[in-house]
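Asks: Protein chains in written order, with our numbering: chain H, 35 to 494; chain A, 35 to 494.
Warning: the hint list may mix true and false statements.
[Unchecked claim] When the alpha-carbon atoms are kept at most 30 Å apart in a straight line, the in silico BS3-like pairs for lysine-lysine are as follows:
| id | chain 1 | residue 1 | chain 2 | residue 2 |
| --- | --- | --- | --- | --- |
| 1 | H | 338 | A | 248 |
| 2 | H | 362 | A | 278 |
| 3 | A | 255 | A | 278 |
| 4 | A | 227 | H | 338 |
| 5 | A | 338 | H | 278 |
Just so you know, these hints were derived from the structure itself, not from any lab.
Just so we're clear, the structure is a prediction, and the values are computed from it rather than from any experiment.
2 protein chains.
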Amino acid sequence: MTRISKYLLVVAFLIAATFAPGVFAAKAPNIVIILADDLGYGDLGCYGHPSIRTPNLDRMAAEGIRFTDFYVAANVCTPSRAGLMTGRWPIRSGMAGSTNDVLRVFSMGGLPTNEITIAAALKSKGYATACIGKWHLGHELQFLPTHHGFDYFYGLRFSNDMEPVRGKIPKNASSSLHPKLEWWNSALLQNDKILEQPTDLSTLTRRYTEEAIKFIHQNKKQPFFLYFPHTFPHVPLFASDAFKEHSARGLYGDVVEELDWSVGQVLNTLRKEGLAENTLVFFTSDNGPWLIRDLAGGSAGPLKDGKGSTWEGGMREPAIAWWPGKIKPAINHELVCSLDLFTTSLCLAGVALPPDRVIDGLDMRPMLFGTGHSQRQLMFYYKKNELYAVRKGSFKAHLITHTGYSKDAPEKHDSPLLFQLENDPGERFDVAAENPEVVADILREVEEFNKSIVSVQAQY
Amino acid sequence: MTRISKYLLVVAFLIAATFAPGVFAAKAPNIVIILADDLGYGDLGCYGHPSIRTPNLDRMAAEGIRFTDFYVAANVCTPSRAGLMTGRWPIRSGMAGSTNDVLRVFSMGGLPTNEITIAAALKSKGYATACIGKWHLGHELQFLPTHHGFDYFYGLRFSNDMEPVRGKIPKNASSSLHPKLEWWNSALLQNDKILEQPTDLSTLTRRYTEEAIKFIHQNKKQPFFLYFPHTFPHVPLFASDAFKEHSARGLYGDVVEELDWSVGQVLNTLRKEGLAENTLVFFTSDNGPWLIRDLAGGSAGPLKDGKGSTWEGGMREPAIAWWPGKIKPAINHELVCSLDLFTTSLCLAGVALPPDRVIDGLDMRPMLFGTGHSQRQLMFYYKKNELYAVRKGSFKAHLITHTGYSKDAPEKHDSPLLFQLENDPGERFDVAAENPEVVADILREVEEFNKSIVSVQAQY
């Protein structure tokens, strides 16, 4: 090697060391969680919907892992989000109500300030963090995202049907009143400040998406955590002009197809910025479809019931994990829960799990990277603060059953119903009589689990 | 160019002309139709089934066109197959029964000998033809496949539950009696001769597959038509040893996963023989899932009802078209019917449509090759020989409704029910009152269609 070429090599090394530290120490991976609101198990093309077109999510699924047995932590918005953000069953944080199922406009509580969100945990490792979309974990100042570990918040404090101007919301508000925006008085916040009220809900998905892309651009040189909980397809439904009458499935389809577009925008941004190979993107929904909203609600596909229910349709969700080069394409049938996103995110970022509390989430990394399996054996189905059902392996025992938003009283089963979910995903055939040892085993698990539950202040 | 190189060019040309006629005149394409029996709309991975694993069909769908709105010609075996084979609504050929819905063991009739099957039509252009699997278009000698245009037949004459040895078939025969083969006395035919009776049903899918592969190998140098109608997942269910307890979905899943394996074997053979780029492979089922068979029956996913019904679950089927290099990957939402396979096959082979009869099938080629759309506007839903419902565009009017195998009388609707299927695939919301002009238009279509129906001898 000549003297000049040696010199050039040293210069090149110094330049590389200065401007591309990633060459020498792998940058911690970015994490993006995209959450739909009230999207059903059967609402995407890749989950078998006959008429809704979701090419971006279908492609994401084809390039990543599509889960068939992914559950959320609760069957309605608030507790589901509390579980996702903290990795703890909502009952542990007071986020499982007794009379109310979610935080209402009049609720003074929220996610307790001593709870640790994914964002708060990741900040300790220098992550830039943003929540873009619907929060619904408390609207008093101390509970807002910017007080729970997020550098930036752009979105609604709660559901888009929670601030109607003219009293009671008509059942089919979303279809018959569209586009009468004046019914709704949602406030759009930026950090702790109201930016717009009433919010133009029809441009919200587009504006959220622009904010998400801006956040990615601004933070491409440092690890980031983007939590992107969409407002839709929760009613009232609104789509931007580009997506109105876009779908054969009517306004509900328009809204889902705009969400699909949004996912495509995020993935394309990551690809273009060269970040895709260092970013885990996870897509799911907060709970099942709101069936009582008729055509303004979604479809649970082959599953029973929807939002508000502890039948499968209420809590089993479409879920896709995407990370080019790290995650290999697959359909995954293992038992997974949204709580596991907390633990997995912390593990990916190299953050130790909080030692002072019960963490229910499990590390999904071996399963995601094809080196192992889901460690999850148990799934607990709560309705408000009561345990209604438990899945262990492929069996699910129902202690109490209740149709989503039925006015009938819940039915308590002294002898639990039992379904084998892999054989009978629609929960049609009770097999308790043939499997007494399975029922007994699940009841033992319930007893064990209940020992770990400590009474805390309810937040609703 | 030198004299020697000119000479070499001529030699090369002569060799090419002798051994590779395909270079100069494209060989007519091969056509393979694979038909499952009683498989439901929701039973494949790519149509959203949560636990049945169908990697070969999923891959076929990812490489080809997956249809969301593909219909069969009838809601039970015999008339559905008659429609597929002739391109004519079964009512035209006497293949729509009045009391019986399918040909029974005691039936003396069959597909009339003057009907023209795809096989008979393609033979006129030198196609090798085989029917491997279940026929069910007449078991008297003159109605067998070998008398209807097929060079070769290997399979059962009718359904696998039609020759029980001990009288009435128990409802859950398929699960509780498996593997008690002695209940069933099916005859396996090769051409016109009984090869085996009782047939070992557990090895049937494997043996059909071996026969199909052998037929492809033997005919790789000439155009061929392979009609491959599987016996399963019609009850009683049997899987070969390699697939017993293969599936989380129990025996039904085992059987479907073995079918999936079989499809993979056929496609792999075509790939290995270099035939894939000159072969259309079409996969579908004869009718919806047999829901009254409980766990031995399949799932219609988000659709209503199943086999025997004119609700969507009875007649809308999984359908995949595959032809590497010719068909581009897509999800297709257009209205298509199994009748169209007749017309499309004849067009691909360069055979003129029979001029002496009504052909209801339409040419799918423009849609398959991405140069146009489905020409189909209308779908007629018969139950036996009565017209129950009609789809035009995205609207479906029900003149009569009846749950699949219910003992209740069918319900006649003086004023038809109307559903918008793209918006409401589950047929939940009757929109007749809001769309009187659509109902009137469909009733006019019915009147027009009925003029084309000529009374013929019923075959059942």
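Asks: If a hint holds in the structure, say so; if it doesn't, say that too.
Replies: These are the hints, each one checked on the structure:
Straight-line distance between C-alpha atoms of residue 338(H) and residue 248(A) comes to about 44 Å, which puts the hinted pair past the 30 Å bound. Restraint check: the Cα-Cα separation between residue 362(H) and residue 278(A) comes to about 28 Å, which is no more than 30 Å; the hinted pair holds. The straight-line distance between the Cα atoms of residue 255(A) and residue 278(A) is roughly 37 Å, outside the 30 Å bound, and the hint therefore fails. As the CA atoms of residue 227(A) and residue 338(H) are separated by approximately 48 Å, the hinted pair breaks the 30 Å bound.
The suggested pairing of residue 338(A) with residue 278(H) holds, with an alpha-carbon distance near 28 Å, which does not exceed 30 Å.
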